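This is what each chain is made of:
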Amino acid sequence: MSKKMFTLIITLVIVIIGPVGAILANNVIPSERHIIVKARQFGYEPSVIKVNKGDKITIDVATEDVTHGFYLDGYNINLIARPAGDPATVTFAADKAGRFNYRCSQTCGVFHPFMLGEFIVEPNYLFPGSIGLAIGLGAAALFYLARKEGDFCGE
Amino acid sequence: MRSFQFLLILPNLVLFFLFLIAGVIGNPMGSQNIIIVFVWILWWVVLIALLVPFGSRLWCTMCPLPIVGEWVQRGSIVKVRQGKPLGLNLKWPASLRNIWPQNIGFLCLALFSALLVTRPIVSVFVLGGMILIAIILHLIFEKRTFCMYVCPVGGFLGLYSMCSTLELRVKDPEVCRKHKEKECLRGSENGYGCPWFQYPGNQTRNNYCGLCTECVKTCPLDNIAINVRPFASDDKIKNYDEAWKAFIMITLAMVYSVTLLGPDPVIKDWANATFTGQWRGFLTYALVVLSSALVGFPAVYAGFAWLAKVFSGNKEISYENVFIRYAFVLVPMGLLAWIAFSVPLVMINGAYIISVISDPMGWGWDLLGTKEVHWNPVLPGWVPYIQAGLLMVGLWISIKKGYDVGKQLFKNKGEVMRSLIPITVLLIGVVAAFLSRYTN
Numbered sequence: 001m002s003k004k005m006f007t008l009i010i011t012l013v014i015v016i017i018g019p020v021g022a023i024l025a026n027n028v029i030p031s032e033r034h035i036i037v038k039a040r041q042f043g044y045e046p047s048v049i050k051v052n053k054g055d056k057i058t059i060d061v062a063t064e065d066v067t068h069g070f071y072l073d074g075y076n077i078n079l080i081a082r083p084a085g086d087p088a089t090v091t092f093a094a095d096k097a098g099r100f101n102y103r104c105s106q107t108c109g110v111f112h113p114f115m116l117g118e119f120i121v122e123p124n125y126l127f128p129g130s131i132g133l134a135i136g137l138g139a140a141a142l143f144y145l146a147r148k149e150g151d152f153c154g155e
Numbered sequence: 156m157r158s159f160q161f162l163l164i165l166p167n168l169v170l171f172f173l174f175l176i177a178g179v180i181g182n183p184m185g186s187q188n189i190i191i192v193f194v195w196i197l198w199w200v201v202l203i204a205l206l207v208p209f210g211s212r213l214w215c216t217m218c219p220l221p222i223v224g225e226w227v228q229r230g231s232i233v234k235v236r237q238g239k240p241l242g243l244n245l246k247w248p249a250s251l252r253n254i255w256p257q258n259i260g261f262l263c264l265a266l267f268s269a270l271l272v273t274r275p276i277v278s279v280f281v282l283g284g285m286i287l288i289a290i291i292l293h294l295i296f297e298k299r300t301f302c303m304y305v306c307p308v309g310g311f312l313g314l315y316s317m318c319s320t321l322e323l324r325v326k327d328p329e330v331c332r333k334h335k336e337k338e339c340l341r342g343s344e345n346g347y348g349c350p351w352f353q354y355p356g357n358q359t360r361n362n363y364c365g366l367c368t369e370c371v372k373t374c375p376l377d378n379i380a381i382n383v384r385p386f387a388s389d390d391k392i393k394n395y396d397e398a399w400k401a402f403i404m405i406t407l408a409m410v411y412s413v414t415l416l417g418p419d420p421v422i423k424d425w426a427n428a429t430f431t432g433q434w435r436g437f438l439t440y441a442l443v444v445l446s447s448a449l450v451g452f453p454a455v456y457a458g459f460a461w462l463a464k465v466f467s468g469n470k471e472i473s474y475e476n477v478f479i480r481y482a483f484v485l486v487p488m489g490l491l492a493w494i495a496f497s498v499p500l501v502m503i504n505g506a507y508i509i510s511v512i513s514d515p516m517g518w519g520w521d522l523l524g525t526k527e528v529h530w531n532p533v534l535p536g537w538v539p540y541i542q543a544g545l546l547m548v549g550l551w552i553s554i555k556k557g558y559d560v561g562k563q564l565f566k567n568k569g570e571v572m573r574s575l576i577p578i579t580v581l582l583i584g585v586v587a588a589f590l591s592r593y594t595n
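If you read the sequences in order, they're chains A and B.
If you read the first sequence in the numbering used here, its first letter stands for residue 1, the second for the next number, and so on.
If you read the second sequence in the numbering used here, its first letter stands for residue 156, the second for the next number, and so on.
If you are wondering where the hints come from, they were derived from the structure by calculation, not from laboratory data.
Since we're looking at a predicted model, the values are computed, not measured.
We put the CB at the ideal spot given by N, CA and C, even for glycine.
Where hints are given, some of them may not hold.
As the list claims (entries may be wrong) - One side only, chain A facing chain B, incomplete, derived with CB under 8 Å:
| hint | residue |
| --- | --- |
| 1 | Val90 |
| 2 | Phe92 |
| 3 | His112 |
| 4 | Gly117 |
| 5 | Asp151 |
Start from the sequences, fold in the hints, and give me the full structure.
As structure tokens, then:
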């Protein structure tokens, strides 16, 4: 095996080991969750929702001031909560793991574009996977550079 | 062609004044006013993701902010007017000939970014104020003192233009050395001497070249070239002011990611104090931002730079040299972090651009029939993956550039590689911090 091929294989192994090592399955029994979200200018309470993949989720969104929206990235859910009305409700299965934002879809004031919350469906592989990838990439870069030839006299 | 720059600036200037008018008399809701949507979504994303990485300081070539001041100073718009410029033509104080004023200015503006990017009238005051300051400074000081030493945008454009794939350089430095007239410095009937106080003959970095192309026009030997080059080719941070610019910028990318893109309503309330009235919270926010950018992150970096020197085993090299030079790794890393921060601006909030084109004032007009285009994020589920990918690209490039810096600092490969270990750990830590915000 040539030196270049050896370097390439080791580099690939390091890059792959990180994320694969981080992606460990966690078996959780799906459950039903009822979450009440209160919207106000310019945030949600709770601002972070954590559920498990497979959970059946019911979300009620009520507003404490003006009309607000609740758009959930990745799930194509869009609710509108009006001040005088009942809470807007949706029930769905959290069938996609990962981190998603929910954000206001109704112009509600000056800071509206930045009114958002986080919906995390565990297991969220992206975070540990990307951390592992970063560590692997760092190690791979050092390994690659250490084996790089011709940068110094006498190598 | 003498009118080249004028033709680039003119449409920007016209649009800019229309934006200012919209900011004053249009809808006070930022997402429905063209000044906010076009400046802080469209312009910002084009600037940080395209113009800077691929065009160096091309924005400075076409920037409308200082141009009125420059016209007044020159007493001419396009043609070269010989003789003494209008105004006092003073030299900028020697103690301020660095980018510290820009560092502080940008940091102060950043404290109010939650207002700046959401309130049209605040944008009018800041951007309009910069035009006025530019005019005043052009009348007091020589050439483009405003752009070179004061403009808060110019500071980070200069730093990140080190990464750009475009550069202006002389074709043959020897030709410049032998040519005594130096029209590029003194000016000629074809153009002005470099307004940015640069001598192209020894220019080896993009930082302070505003790509105004005056040297292209004045050089009688056709010795100026605009070259395409690999990403992040300039790798020499020269002073503490530039190093701190790198610290400030990467800290602010994180601050904005938490304040604007994060879920915590308390931090948003603090940053948005004119709406919430939480001035004590704003004070806390300001202190945290200032101390993180000026002391906290630099202190962390200082620790890793010290480890880099210790690990290298080289006792001859000064710590100061290691500290300043290795700070360059934060330049490509910072640029990619800012691009990652900007991804949701265009993919989530980009839809506002389409509707505001038809209703720039937010008065209910429908000029192009796009007013009712509903806010609809583009592939929002992909955003964290794209952000993570950009951070990985930044990490890889930064480590490789760290190696290049190390080669210039140390005598042998062993010293370089050993010193690079703590720098790599620092970079992974920076990436992990951003990943925790974007993907966790």
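message = If you test the structure against every hint from before, which numbers come out violated?
response = Those not satisfied are hints 1, 2.
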